[in-house]
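A.B. asks: Heads up: the sequence lines are chains P and E, in that order. Numbering follows the numbering used here, in which position 95 of the first sequence is assigned residue number 95; successive positions increment by one, without gaps. Numbering follows the numbering used here, in which position 46 of the second sequence is assigned residue number 46; successive positions increment by one, without gaps.
The hints are simulated quantities; they were obtained by calculation from the structure and are not laboratory data. The reader is advised that the hints may include incorrect statements.
Straight line, CA to CA, 16 angstroms or less: simulated EDC-like cross-link-like pairs of lysine to aspartate or glutamate [claimed, not checked]:
no., chain 1, residue 1, chain 2, residue 2
1, E, Lys-3, P, Asp-186
2, P, Lys-117, E, Glu-167
3, P, Lys-2, P, Glu-29
4, E, Lys-333, P, Glu-233
5, P, Lys-117, E, Glu-204
6, E, Lys-331, E, Glu-6
7, E, Lys-218, E, Glu-204
8, P, Lys-58, P, Glu-22
9, P, Lys-3, P, Glu-66
10, P, Lys-158, P, Asp-186
11, P, Lys-2, P, Glu-22
12, P, Lys-131, E, Glu-334
13, E, Lys-240, E, Asp-289
14, P, Lys-216, P, Glu-233
15, P, Lys-185, E, Asp-246
A few chain P residues that face chain E, going by a derived Cβ cut-off under 8 angstroms, partial list only [stated by the list, open to error]:
no., residue
16, Gly-80
17, Gln-86
18, Gly-93
19, Thr-138
20, Gly-220
Every residue, glycine too, gets a C-beta built ideally from N, C-alpha and C.
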Amino acid sequence: MKKILETKNLCKSFGAIKVADELNFHVAENEALGIIGPNGAGKTSLFNLITGTIKQDKGNIFYQGESIDHLNVPNRCHQGISRSFQIPQPFGGLSVFENTFVAASHGAGLSTAIANKTCIQILEQTGLLSKANQIANTLTLLERKRLELARALCAKPKILLLDEIAGGLTESECQLLIQTIFAIKDTGISIIWIEHIVHALMSVVDRLTVINFGAKIADGPPKEIMNSKDVKEIYIGIEADA
Amino acid sequence: MNKEYEILQSSKVSRASGFIAIFLIIFLFFAPWWAGRADIRLLSEIFLYLSLASLWNLLAGYCGLVSVGQQAFVGLGGYLLFALTIFSGFNPFAAILVSGILGALISLPVAFLIFRLRGAYFAIGTWVVAEVFRLSFAQIQSLGGGSGSSLPVGIVKSIASSKAMRESLTYWMILGLTVFILLSVYLILRSRRGIALIAIRDNELASQSLGINILRSKLFVYVVTAGLTTILGGLIFLQKLRISPDAAFNVNDWTAFVIFIVVIGGIGTIEGPIIGVLVFFILRETLADLGSIYLIMLGFVAIFVMIRAPKGIWGFVSSKYNIELFPLSRKLKEIKGE
Numbered sequence: 001m002k003k004i005l006e007t008k009n010l011c012k013s014f015g016a017i018k019v020a021d022e023l024n025f026h027v028a029e030n031e032a033l034g035i036i037g038p039n040g041a042g043k044t045s046l047f048n049l050i051t052g053t054i055k056q057d058k059g060n061i062f063y064q065g066e067s068i069d070h071l072n073v074p075n076r077c078h079q080g081i082s083r084s085f086q087i088p089q090p091f092g093g094l095s096v097f098e099n100t101f102v103a104a105s106h107g108a109g110l111s112t113a114i115a116n117k118t119c120i121q122i123l124e125q126t127g128l129l130s131k132a133n134q135i136a137n138t139l140t141l142l143e144r145k146r147l148e149l150a151r152a153l154c155a156k157p158k159i160l161l162l163d164e165i166a167g168g169l170t171e172s173e174c175q176l177l178i179q180t181i182f183a184i185k186d187t188g189i190s191i192i193w194i195e196h197i198v199h200a201l202m203s204v205v206d207r208l209t210v211i212n213f214g215a216k217i218a219d220g221p222p223k224e225i226m227n228s229k230d231v232k233e234i235y236i237g238i239e240a241d242a
Numbered sequence: 001m002n003k004e005y006e007i008l009q010s011s012k013v014s015r016a017s018g019f020i021a022i023f024l025i026i027f028l029f030f031a032p033w034w035a036g037r038a039d040i041r042l043l044s045e046i047f048l049y050l051s052l053a054s055l056w057n058l059l060a061g062y063c064g065l066v067s068v069g070q071q072a073f074v075g076l077g078g079y080l081l082f083a084l085t086i087f088s089g090f091n092p093f094a095a096i097l098v099s100g101i102l103g104a105l106i107s108l109p110v111a112f113l114i115f116r117l118r119g120a121y122f123a124i125g126t127w128v129v130a131e132v133f134r135l136s137f138a139q140i141q142s143l144g145g146g147s148g149s150s151l152p153v154g155i156v157k158s159i160a161s162s163k164a165m166r167e168s169l170t171y172w173m174i175l176g177l178t179v180f181i182l183l184s185v186y187l188i189l190r191s192r193r194g195i196a197l198i199a200i201r202d203n204e205l206a207s208q209s210l211g212i213n214i215l216r217s218k219l220f221v222y223v224v225t226a227g228l229t230t231i232l233g234g235l236i237f238l239q240k241l242r243i244s245p246d247a248a249f250n251v252n253d254w255t256a257f258v259i260f261i262v263v264i265g266g267i268g269t270i271e272g273p274i275i276g277v278l279v280f281f282i283l284r285e286t287l288a289d290l291g292s293i294y295l296i297m298l299g300f301v302a303i304f305v306m307i308r309a310p311k312g313i314w315g316f317v318s319s320k321y322n323i324e325l326f327p328l329s330r331k332l333k334e335i336k337g338e
């Protein structure tokens with residue numbers, strides 16, 4: 001399968017803390033990749049590196065076979081890399097619809113008429129249509145998380161980066177979210193999903209990558225990875241020979 | 001599932017306020033026939049401050065570019081008017097338009113310098129730039145150096161034959177420019193570019209991740225604002241007919257009062273500067289005779305509004321009654337019958 005995104009020897013450190021340490025990983029087209037790792041392992045930093053909000057110290061990021069190291073944040077979005085934030089970052093003074101309209105008109109560069117249609121369709125898909133005229137500041141946490149997803153989708157990504165989008169959701173809400181993400185995957189969008197709610201992740205992703213201290217620990221089919229000794233030791237905290 | 005929707009950018013209230021605005025403009029257009037000379041001067045001044053306030057509001061309220069150096073462009077406009085008419089023989093109105101373009105061009109290298117600064121440092125930087133402008137123009141002996149100069153009689157007479165006609169022409173120019181500026185600010189904010197500006201104001205991190213080039217958006221507003229402020233400066237000093245560095249680059253007259261107007265009226269709203277300018281002139285006309293106590297009173301009003309209504313008078317009213325006279329929002333509405 002063709003790789004849509006690939007990093008080569010990616011390094012980034014903040015002082016003594018390494019958030020990416022010779023990191024090599026890739027995502028294939030229409031693949032859903034899950035990323036897990038303990039807190040502070042460098043998962044969100046990896047998204048910041050891919051979207052360009054922080055610059056790597058060393059190494060390269062390739063998108064659709066070409067280096068994107070020279071592209072700034074908005075340009076990477078125009079190219080089709082879109083993310084949701086772990087801590088929701090709504091445009092507080094704008095309505096839900098307007099939040100998505102910003103993404104559709106500026107991120108995807110759609111004309112106003114097509115942007116309007118796209119936003120309505122995606123708001124319906126993400127269950128936010130009834131809240132379309134509500135000011136984003138007044139949303140609940142769940143609605144804010146949905147808005148993160150809706151807005152990222154309105155930017156018409158080829159690859160979608162989801163940062164702990166299921167965190168704080170109830171079981172039934174989580175099931176709805178999983179269905180939504182399956183539907184997104186069916187439209188041909190590649191996904192990288194960082195998540196602590198492992199069962200949600202396991203039910204969607206094709207492959208799982210485990211990182212710790214910015215380095216890749218394991219990579220492979222989700223079940224196999226979760227059962228491996230290293231992962232249990234590092235991620236779940238079980239003593240190896242206990 | 002097959003419901004149809006439309007996106008509305010206006011409401012009944014906004015259409016009504018649009019009509020009222022048109023009638024008000026027509027009414028004000030005929031002011032030279034129904035108002036005395038002193039009233040015309042006062043109206044001109046109100047319009048000039050309304051324009052300055054709307055531009056500063058766009059800059060600070062929507063782009064977060066809190067400049068305390070807009071007097072740089074007011075003064076620049078005044079001096080360019082004098083220079084272009086005296087040295088290059090321009091018609092005064094042509095000179096003012098040309099100076100607008102020059103002001104926008106000059107703001108580019110200025111932006112290159114001050115855009116490296118953030119927040120309070122940006123504010124101080126803009127002030128420093130304005131002081132540099134003031135000191136530079138004070139060096140030009142042919143424009144009167146530090147003590148300034150008057151617009152030569154021949155140039156003043158070239159505007160119109162009679163004094164009344166000249167004052168009316170200047171008034172119409174100011175009224176026209178004010179309408180143009182308010183309309184431009186409104187249309188910019190209603191446009192796709194405008195919603196991007198509001199997005200930047202609300203959340204810089206998310207806005208750039210969603211494809212908005214923050215620097216380019218802010219630069220666009222800074223340059224447009226600078227050009228229009230320069231034009232306003234030209235008109236201010238065409239009305240005064242006399243210029244000096246201290247008057248032209250005065251931080252109190254061209255920035256502090258403007259900030260007062262925007263803050264008490266409601267920063268980050270289109271209606272705010274309109275309310276603010278009315279409050280400011282009512283206070284000024286009733287308290288101006290009290291001398292320095294007047295400024296102290298202004299300070300108290302500013303403090304009171306900031307404590308009681310941090311979003312200004314309009315911010316308080318609009319959040320309480322949920323109205324927009326000049327709507328920027330895009331509302332989703334279901335079309336029935338599907």
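A.B. asks: Does Gly-220/P pass the interface check with chain E, least Cβ-Cβ distance below 8 angstroms?
C.D. replies: violated, 30 angstroms
A.B. asks: For the pair supplied as a hint, Lys-333/E and Glu-233/P, is the alpha-carbon distance within the 16 angstroms limit?
C.D. replies: violated, 54 angstroms
A.B. asks: Next pair to validate is Lys-58/P with Glu-22/P; report whether the Cα-Cα distance is within 16 angstroms.
C.D. replies: holds, 8 angstroms
A.B. asks: Check the hint pairing Lys-3/E with Asp-186/P against an upper bound of 16 angstroms on the C-alpha distance.
C.D. replies: violated, 24 angstroms
A.B. asks: Keeping to a limit of 16 angstroms between CA atoms, is the pair of Lys-117/P and Glu-167/E held or broken?
C.D. replies: violated, 52 angstroms
A.B. asks: Taken at face value, is the distance from the CA of Glu-66/P to the CA of Lys-3/P at most 16 angstroms?
C.D. replies: Status holds; Cα separation ~11 angstroms.
A.B. asks: Hey, does the Gly-93/P contact hint survive, CB to chain E under 8 angstroms?
C.D. replies: holds, 5 angstroms
A.B. asks: Using the nearest Cβ pair, does Gly-80/P come within less than 8 angstroms of chain E?
C.D. replies: violated, 10 angstroms
A.B. asks: So if I understand the rule, the pair passes when the alpha-carbon distance is 16 angstroms or less; does Lys-218/E with Glu-204/E pass?
C.D. replies: holds, 12 angstroms
A.B. asks: Please work out if Lys-216/P and Glu-233/P have their alpha carbons no farther apart than 16 angstroms.
C.D. replies: Given that 16 angstroms is the threshold and the Cα spacing comes to 14 angstroms, the pair holds.
A.B. asks: Take the C-alpha atoms of Lys-2/P and Glu-22/P, compute the straight-line distance between them, and say whether it is at most 16 angstroms.
C.D. replies: Roughly 22 angstroms separates the two Cα atoms, so the pair is violated.
A.B. asks: Go through the hint on Gln-86/P and say holds or violated, using the shortest Cβ distance to chain E against 8 angstroms.
C.D. replies: Not OK, violated: Gln-86/P not within 8 angstroms of chain E, min 12 angstroms.
Hint compliance for this structure: hints 1, 2, 4, 5, 11, 13, 15, 16, 17, 19, 20 are broken, all remaining hints hold.
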